[in-house]
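As they're listed, the protein sequences go chains F and X.
If you read the first sequence in our numbering, its first letter stands for residue 954, the second for the next number, and so on.
If you read the second sequence in our numbering, its first letter stands for residue 954, the second for the next number, and so on.
It cannot be assumed that every hint is accurate.
A pair counts as met if it fits within one copy or between any two copies, since identical chains are not told apart.
[To be verified] Quick list of in silico lysine-lysine cross-link-like pairs, DSS-like style, CA-CA up to 30 Å: (1) Lys-1114 <-> Lys-1137; (2) Lys-1114 <-> Lys-1128; (3) Lys-1063 <-> Lys-978; (4) Lys-978 <-> Lys-1058; (5) Lys-1063 <-> Lys-1049; (6) Lys-1067 <-> Lys-1049; (7) Lys-1067 <-> Lys-978; (8) Lys-1125 <-> Lys-1114.
Everything labelled a hint here was simulated from the structure, so no lab data went into it.
This is what each chain is made of:
Protein chains: 2
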Amino acid sequence: MTDETAVFVVDDDELVRRAVTRLLKLDGYRVESYPSPQAILEAGTADSAACLVLDLRMPGLNGLELVEELRQRGVSTPAVFITGHADVPTSVQAMKAGAVEFLEKPFDDKILLKAVREAVERDRTERIDREGLADIESRAKALTSREREVMNLVVQGLLNKQIAGQLGIAEKTVKVHRGRVMEKMEAGSLAELVRLAGRLGIGDSG
Amino acid sequence: MTDETAVFVVDDDELVRRAVTRLLKLDGYRVESYPSPQAILEAGTADSAACLVLDLRMPGLNGLELVEELRQRGVSTPAVFITGHADVPTSVQAMKAGAVEFLEKPFDDKILLKAVREAVERDRTERIDREGLADIESRAKALTSREREVMNLVVQGLLNKQIAGQLGIAEKTVKVHRGRVMEKMEAGSLAELVRLAGRLGIGDSG
DNA sequence: ATCACAATTGGACCTTGGTCCCATTCGTCT
DNA sequence: AGACGAATGGGACCAAGGTCCAATTGTGAT
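Please take these sequences and the hints and turn them into a complete structure.
Printed below as a string of structure tokens:
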């Protein structure tokens, strides 16, 4: 399972990088290590990582800021922090920001591995989720504005007749739009369309 | 808004209890304070709280264990921890367990208030969510097993005809069950039924 | 044994949804 | 000008959903 899973390590301490790299490779991960936040940002491949292992205290950006910067760039990979000089407020802040684990050096190998496994699993789930959503969104993009309008009303449970009244058009026309919505959204049934729309945030209000 | 919102404070240090109580009352909360985990557990009113403010280190159960015990009893109120003797692993553990905030003594009044407000808001949201779900579940409880079966297939997008085939009964019978499902679930449309079922964890697999 | 409820179905009928073919009217893009 | 997508619908039809009245059968509870 952990076959080609990539873990990116960022730490300015070469000894730590080597130790962590070796440990993770033994567990079957593909590891890339960077000596600084700048290095990984320049590489620009962070979104291929399934997990980040970050030193908190680094020159330039600290680990938290690096995660924030990656988020800005659309990379939302789960992170595990390791640090030698931690205090409570910092650890709390990191956990609030969504860190999977926050470890103090020296850390127990087993605990790091467990944290990485959890982060990788979280990444896998989120990735599947995002891909599914992106897929649905790309289909929705193909809808004309009128079709979108009709879809919204359909998934709110209105009858074609009511939709027609609300839009000031003939019921016949609603049927045409509705048919195209089903086709473009690749929905095999109204139930499926409702779920698709739900993931787009449509219809679950009120 | 913070009118009759209840905050429960548990701390074995009377001075802290008094200070926190006074601070929160000034902000408009109804405050109940307890000198020990046992005291609040015996009172058995914890689920009326919108927020917990807990000392981490207390005789008997510590704050984390108290939260866990309350969870076991079905009380899932958001908690804010305050403590004088914190270490990083403990704070991380608390945050992982879902703590809203983890503060070290002496704490800044403004920060505590902010944390309490956030916890109260989280409680409000979760409460609304739970109530909505409980409502739906109570309706679903009124379904006969056959009706439940039919509902599952309906929200999966199957036609009455297909449902009939799968259950080995007449399409006519499916219609009857289906009608009763709509009635008992108080669904005004198929779209609504799909959403109700979705909240019950039905149909959104695959 | 009797009652209430669940499950089942028939028949009749009406409403909705969905699809085909075809046609018109606007804008936009080439 | 001509092509094209989008929006709009008429007519015809068929499939699917929904409802009313009525009836049978089985099962558990009183």
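Going through the hints against the structure:
no.	hint	in the structure
1	Lys-1114 <-> Lys-1137	both (22 Å within a copy, 25 Å between copies)
2	Lys-1114 <-> Lys-1128	both (9 Å within a copy, 22 Å between copies)
3	Lys-1063 <-> Lys-978	within (14 Å within a copy, 46 Å between copies)
4	Lys-978 <-> Lys-1058	within (20 Å within a copy, 42 Å between copies)
5	Lys-1063 <-> Lys-1049	both (24 Å within a copy, 18 Å between copies)
6	Lys-1067 <-> Lys-1049	both (20 Å within a copy, 15 Å between copies)
7	Lys-1067 <-> Lys-978	within (14 Å within a copy, 44 Å between copies)
8	Lys-1125 <-> Lys-1114	both (9 Å within a copy, 26 Å between copies)
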